[in-house]
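Given next are the chains, with one letter for each unit.
There are 4 protein chains.
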Amino acid sequence: MKIKIYTTGGTIDKIYFDQKSEFQVGEPQIVELLREANITFDYELESLMRKDSLDMDDADRALIAERIRQDPDSRILLTHGTDTMVETARALLGIEGKTIVLVGSMQPARLRYSDAVFNIGYAIATVQMMPPGIYVAMNGQVFDPLHARKNVAAHRFEAV
Amino acid sequence: MKIKIYTTGGTIDKIYFDQKSEFQVGEPQIVELLREANITFDYELESLMRKDSLDMDDADRALIAERIRQDPDSRILLTHGTDTMVETARALLGIEGKTIVLVGSMQPARLRYSDAVFNIGYAIATVQMMPPGIYVAMNGQVFDPLHARKNVAAHRFEAV
Amino acid sequence: MKIKIYTTGGTIDKIYFDQKSEFQVGEPQIVELLREANITFDYELESLMRKDSLDMDDADRALIAERIRQDPDSRILLTHGTDTMVETARALLGIEGKTIVLVGSMQPARLRYSDAVFNIGYAIATVQMMPPGIYVAMNGQVFDPLHARKNVAAHRFEAV
Amino acid sequence: MKIKIYTTGGTIDKIYFDQKSEFQVGEPQIVELLREANITFDYELESLMRKDSLDMDDADRALIAERIRQDPDSRILLTHGTDTMVETARALLGIEGKTIVLVGSMQPARLRYSDAVFNIGYAIATVQMMPPGIYVAMNGQVFDPLHARKNVAAHRFEAV
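Chains as they are written, first to last, in full-length UniProt numbering: chain A, 1 to 160; chain B, 1 to 160; chain C, 1 to 160; chain D, 1 to 160.
Each pair may be met inside one copy or between any two copies, as identical chains are not told apart.
Cut-off 30 Å, straight-line C-alpha distance, at most; resulting in silico cross-link-like pairs (DSS-like, lysine-lysine):
#1 LYS2 <-> LYS51
#2 LYS98 <-> LYS51
#3 LYS51 <-> LYS20
#4 LYS98 <-> LYS2
In short, the hints are calculated from the structure, not lab data.
Predicted model only: the values in this text are computed from it and were never measured.
Construct the complete structure from the given sequences, taking the supplied hints into account.
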C-alpha cells in the first residue's frame, strides 16, 4: 500500500540559519526520519511549499486541495505547521474516497528533543489504517477537523 | 481509550554500562519517549521482565500470556526484543477480544539514530486503530505473526 | 582550579518557542552540557543577560567588563553570541591578570547536530591552560581578538 | 599546527550490532564528531586497531609506542578505551619531544547522551596547548599518567 507524502513546511522542517541568526523552514525532514526508522513501505514525496503555516492563505489551501484531489493515490500524508493545521484540514473536507492525514510537530525535527519522529510514526500508521476521511494526527491521538483545535498555551491539540 | 503497556526488555531498552563495558537491558525507555512526544492519551505501564529476547523461554511466554489474558484492558502494547518477537506473538494467538501489538527496535532508544521512537509512534496508532487480534508492528508495517519473520541479515521484518 | 562561567545568551542558548513559532534565547544550556560530560572540575555560573549578540550595545559590554574586572576568580569563561563575540572580546582587552575565554556556537546546543558541546569542551581546556589574556575559542582554534573575525558566509571564525 | 590522531577503539567507538544483539567497536567516530563541530585546524587520522581496551596486551602497546615514536608530527591525540588508558599512557612515557594526549569516553559517541564530544573538544585543546609530555584528558581535567586512575565505581578519572 503506497503512501503519498506532501510537505508544506511548518515547525517540523525548521532549521537554524546562522547567517541570519534565525530559524526558517528548510528541506523536508521526513525523508531523513523515514530512513533512520528503517521503514519498508512504499512512498512518494512531493514538496508543495515551505511555509510557516501562519503565512498560508486561501490560495495555498486551494492549491493543496487541488493537488490532493487530482492525485491517483488514495493514502495521503500531509506535513503541515500546527498553527493552521485544522484550518487546512477543513479546506480538504470535500475530498472523497481518500484517507488524508495531517501531521506536524511542536518542536523542529532537528532538535535533540522533539515530538516530530513519534508524530510521523503515528501518522504513517493512521494513514494506512483509517477509512477514507480527513484526519489530524497529533499528540498520539486522531482528531476530526470539525472538532479539533490547537491549544497554544498548553502546546497540544484537543477535541472541542 | 486507555492503552496498557507491558515491557519485557529487548534492544529498545538497552543502555551502556561502563562498569562492565557492555550494553545491558535497563529501565523501560518508553516512558521518556512518550513524555518527549507530548502525548495526551491515557496509558498504564508495567514492566514484566528485562530480558534480551534470545534469553526468553516458554515460562516467560506463559507469564506474558497469562498477564495479558487477565488484564481488564483491551488495548495492549508489548515492547519486546526483535529476535523472538514473532515467537512470543504466536504464543498469544489464543487470546480473544483484545488488540495486542508487539513492537521493539533494531537500535537502542538511547542512540542518536534509532528506529525506536518511530516504531513506538507507529505501534501506538496500531493498537488504537486495529480490530482485536495479535500484531507485530515493525518497519512501518503491521505483520500477522503467522506470516512474519525477522530477516536478521537485512535488519528488517518481512512477510512470509 | 575553579572556573567562573558567565553566560550572556547567543545562539548556543536558543530554544524553540512553539507559542511564538520562533527561536529565542532561553536558559543557559552549558549547565546541562557539563553535567552530561561528567566533568569533575570546580565551577560557578552566573547569567549576566540573555541576548542575541546583535542586540548587545556598549552598556552591555561595559557591564560584562565591570563584572569580570571585579571577579576574584582568574579563570573566566564567557558564553556569547558569535556575531559580536570579537567586539566584546576587544572591550575586555584592558583587563589584566586573568585568562578570559569567549565561546559560543553556530548552531543551538539543543539541536541534534551542533558545534556547541565540542566548543565548550575546547573552551574549558583553553581557560585552564592559557596564560592571562583575552581569547576567542571557536572552530577548534584560539584567536587573538585583535586579529579575528567571524566569516558569516563560511560559518566560521578566521584570523585576519 | 597539525594534529595527528590515532584511534585504537574503546567505548567511544562502540556501535550496536543488531545481528549479534551486542555492542562492538566500530569505525572511528571522531571523524564525524570533528565534522559536526565545524573545526578548521589541520589533522590526519589513522586507525591502529579496534579493541576494547581490556583486550589490549603488551604487543598492542608496543605497536602504539613504536608508531608514535616514528611519527614526524609532534602533536599526537590517541583515542583509547578507558579501562587501560592509564596503562597505555605509562607505556608511552619514554617518548620525548611530543605532546601526546589520550582521551576516550565512558559512553559511546553514538548515544544521545555521551561524554564523547565534550572530551574530544577538551583533548584537542589540550594537545594544542600543553608542552611536550604524556597526558590523560578525561572529565574536563588533565592527568599525569603516573598519578591517575579510573575510578570504575564512580565513572570518572581521579588523581592518586
